[in-house]
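Which chain is which? The protein sequence lines are A and B, in order. Number 158 marks the last residue of the first sequence (our numbering); no jumps. Number 178 marks the last residue of the second sequence (our numbering); no jumps.
Not one of these hints is a red herring.
The calculated PhoX-like cross-link candidates involving lysine-lysine, where the alpha carbons are at most 25 Å apart (straight line), are:
#1 A:Lys102 x A:Lys145
#2 B:Lys105 x A:Lys145
#3 A:Lys50 x B:Lys106
#4 B:Lys105 x A:Lys157
#5 B:Lys106 x A:Lys145
To be clear, the hints were calculated from the coordinates, so they are not data collected in a lab.
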Amino acid sequence: SQKIEQNSEALNIQEGKTATLTCNYTNYSPAYLQWYRQDPGRGPVFLLLIRENEKEKRKERLKVTFDTTLKQSLFHITASQPADSATYLCALGTGGFKTIFGAGTRLFVKA
Amino acid sequence: DTEVTQTPKHLVMGMTNKKSLKCEQHMGHRAMYWYKQKAKKPPELMFVYSYEKLSINESVPSRFSPECPNSSLLNLHLHALQPEDSALYLCASSPALDNSPLHFGNGTRLTVT
Chain A
48 SQKIEQNSEA LNIQEGKTAT LTCNYTNYSP AYLQWYRQDP GRGPVFLLLI RENEKEKRKE
108 RLKVTFDTTL KQSLFHITAS QPADSATYLC ALGTGGFKTI FGAGTRLFVK A
Chain B
66 DTEVTQTPKH LVMGMTNKKS LKCEQHMGHR AMYWYKQKAK KPPELMFVYS YEKLSINESV
126 PSRFSPECPN SSLLNLHLHA LQPEDSALYL CASSPALDNS PLHFGNGTRL TVT
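Bound conformation, chain A alone (with noise of 0.2 Å):
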């Protein structure tokens, strides 16, 4: 069956860290990956889209990558601030205006 698992349910880093956050996928074969910040109370806020030809983008202080033989892909936060801290989620677009989203992944920054 169709599965994508974000590594596990809470990160929690020291400010100044780089968070990598994991996306893994089974049984898909998406034309791209997003990333999107959830605060709590709140819809999700897209961040980075990659496409399944890309091997990586960056915007600011975020890099994705996207490894399609892998079926992963990576989420980075360089320089991580406390205001940083939200769940982030990563969601597969397999065509046709349909977007599947992991579970996320909470992630704690602590000053």
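Given the coordinates of chain A, assemble chain B onto it according to the supplied hints.
Just chain B, lined up with the frame of chain A:
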């Protein structure tokens, strides 16, 4: 604040009530979505409208009835809900193109008593 506006923010309804959730966007997006999210779970796709026509229904029970009256508005009509339908209902929009990111509203927190 998001560019997708959902009303009401909170809704409490009994199992025999009929209510509607509303969603509005003015970004010119021609695809609109309903997702349901339970606590500590991912958003689950319910419906997708493209150019005001229903294009995806993820086998949602008929007690949920979507409506897209025009390109800016999306409604979700609720009738005879169950307590397990209590959740955060999220509306999203995107350009009607593959690979487009979703723009979410902040949701309606629904409690069914």
